[in-house]
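Take these sequences, add in the hints, and give me the full structure.
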Amino acid sequence: MIIGLHDSEKEHFKHKKTFPNYALMKISAYHKAKGDSVEWWDPAKDYDLVYSSKIFDFTEENKDLPPDTIKGGTGYDIEKKLPQEIDDMYPDYSIYPDCDYAIGYITRGCPNKCPWCYVPRKEGNIKPYRRWTELVRYDTPDLILMDNNILASEYGISQLKDMAGKGWRIDLNQGMDARLVTEEIADVLASLQWIKYFRFSCDTVSQVKHINRVAGLLAERGIKPYRLFVYLLVRKDLDEADYRVQQLRKHKGIHLYAQAERNEGLGIRPNKAQLEFTNRYIYGNLYRKETWKEYINKRPWVKQRLEVSNDCND
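Counting from 0, one number per residue, gives the positions in the sequence shown under numbering that gives the first Met the number 0.
Errors might be hidden in some of the hints.
[To be verified] With a straight-line Cα cutoff of 20 angstroms, these simulated DMTMM-like cross-link-like pairs (lysine to aspartate or glutamate) come out: (1) Lys80 to Asp56; (2) Lys112 to Asp45; (3) Lys9 to Glu84; (4) Lys13 to Glu38; (5) Lys302 to Glu239; (6) Lys121 to Glu263; (7) Lys9 to Asp63; (8) Lys15 to Asp56; (9) Lys31 to Asp45.
It should be emphasised that the hints constitute simulated quantities derived from the structure, not laboratory data.
In structure tokens:
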């Protein structure tokens, strides 16, 4: 059989570097193990089976895909899952030759029910998924873990403990929950080798104090603030978002990454002010030297364009 694979995000963000699609790598491995030929889908060719994966609901669907295409991923159907025999496969990294690291999950799911997050609905409560030894590659020391809340799982914590001192470098790219970091867990985190950052999430004001506390715990263990990377969900209340920013920027060198809330299924789309806040104020590192209000007031052309009085906190 000839199998065609379609990565919606790779196509949508074709001029940018994209993250490898975990499901497609498993599908490729499954079919190659059966002796099938696997390649990237080409609309000019015929295939016995075509698989398309779409992660984000805002990614456009390719209208040229065959009508019998097997579609999966949160962007298509939040309920659809890989068949167990495919999910059990070790991913085929050869389809993403630029990927020089391993990816995977130690746990799946999350016990929290944040209104903006699909994970509990898609994956349920947190549960063990894989041992770290099943995820690593032996041609690279780097492993990017995509767990949504690994610190909420005793199994997840035990796997992190087991990795310490083994020569592997990790990145928890979805961000950890600072509320769950104890003295013991801080010891575990400090004992691991990290590719670059310790990543945390700060989506509400109530989480700020926990980020501050964890920054202190890690500082006691020799981890400087410039090693901290914090994700911020930016909803329409930009005063609230900027309060979080101003509290966190007190840690000299800390890195902030802001994402405007978007949920196409619920009709939630960011307004111009949210995008100005995330794409220019935060990504431009201007938050390091001025508040959001100072940023706006110094730039009357921005204030006029956004109609701040109506758009910033509507």
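Task: Hints that the structure is at odds with (numbers, increasing) - done: Those not satisfied are hints 2, 3.
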